[in-house]
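Trainee: Each chain is listed here by its residues.
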Amino acid sequence: EDQVTQSPEALRLQEGESSSLNCSYTVSGLRGLFWYRQDPGKGPEFLFTLYSAGEEKEKERLKATLTKKESFLHITAPKPEDSATYLCAVQENSNSGYALNFGKGTSLLVTP
Amino acid sequence: DAGITQSPRHKVTETGTPVTLRCHQTENHRYMYWYRQDPGHGLRLIHYSYGVKDTDKGEVSDGYSVSRSKTEDFLLTLESATSSQTSVYFCAISGRVMNTEAFFGQGTRLTVV
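Residue numbers (this note's numbering), protein chains in the order written: chain A, 124 to 235; chain B, 98 to 210.
Source of the hints: derived by calculation from the structure; they are not laboratory data.
Among the hints, erroneous ones may be present.
[Claimed, not checked] Computed footprint of chain B on chain A, listed as stretches where at least three residues anywhere in the stretch have a Cβ under 8 Å from a Cβ of chain B:
{"id": "1", "stretch": "151–158"}
{"id": "2", "stretch": "195–206"}
{"id": "3", "stretch": "224–231"}
[Said to hold, decoys possible] Output of the computed footprint for chain A on chain B, the stretches with three or more beta carbons under 8 Å from beta carbons of chain A:
{"id": "4", "stretch": "139–151"}
{"id": "5", "stretch": "168–181"}
We put the CB at the ideal spot given by N, CA and C, even for glycine.
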């Protein structure tokens with residue numbers, strides 16, 4: 124059973140069309156939830172860390188929120204350069220030296 | 098790229114041969130990780146290190162070994178490469194106490210034929 128589930132698997136938006144990506148998780152003790160962006164042929168690029176329910180973080184057109192069971196990555200008025208795969212990962216208390224458990228990602232395509 | 102260099106970036110090898118991938122960091126971070134990324138599976142942890150000569154297994158460690166003789170270098174060895182080990186391998190580092198996000202290298206694409 125996957126601990127981290129991302130939906131949708133793929134999302135196509137028109138430029139300016141806002142939407143949200145979902146990350147649901149099932150871990151006993153959450154230390155942190157992380158969002159990454161990954162472009163083709165590159166390593167994941169860190170975006171946000173959320174540590175507790177109710178926390179929100181923003182960066183340009185992206186806003187990440189966290190509840191006790193899921194996180195959302197809201198994309199406001201996206202541009203074509205926001206096209207990428209967005210990865211969600213969780214970090215549990217006292218496991219694997221802060222290793223991350225990743226979801227399978229959401230592939231976002233923003234068309235002009 | 099947070100001072101992480103992976104080498105080689107691409108490699109093609111034959112089944113049954115040993116292969117070593119190298120990760121070098123200039124950030125002096127304590128923790129280093131090796132992940133593999135495959136379609137339909139996402140990123141999965143192979144091994145990690147929490148200090149020089151201190152390593153432990155991750156989710157998919159069978160067929161892999163690691164070594165860390167210096168803070169800055171973390172080596173991943175495929176003892177006898179198999180086609181199922183064809184993948185993209187990423188090294189990551191983390192180390193700050195309050196902010197434990199990981200930073201990733203650019204990856205090594207390994208093909209086992």
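Trainee: Counting residues of the stretch 195–206 of chain A whose CB is closer than 8 Å to a CB in chain B, do you get three or more?
Mentor: violated (count 0)
Trainee: Quick one: see if chain B covers the stretch 151–158 of chain A, three-plus residues with Cβ-Cβ under 8 Å.
Mentor: holds (count 3)
Trainee: Per the coverage rule (Cβ-Cβ under 8 Å, at least three residues), is the stretch 168–181 of chain B covered by chain A?
Mentor: violated (count 0)
Trainee: Quick check: do three or more residues in the stretch 139–151 of chain B have a beta carbon closer than 8 Å to a beta carbon of chain A?
Mentor: holds (count 7)
Trainee: With a C-beta cutoff of 8 Å, work out whether three or more residues of the stretch 224–231 of chain A approach chain B closely enough for the coverage to hold.
Mentor: holds (count 5)
Comparing the model with each earlier hint shows violations of hints 2, 5; every other hint is respected.
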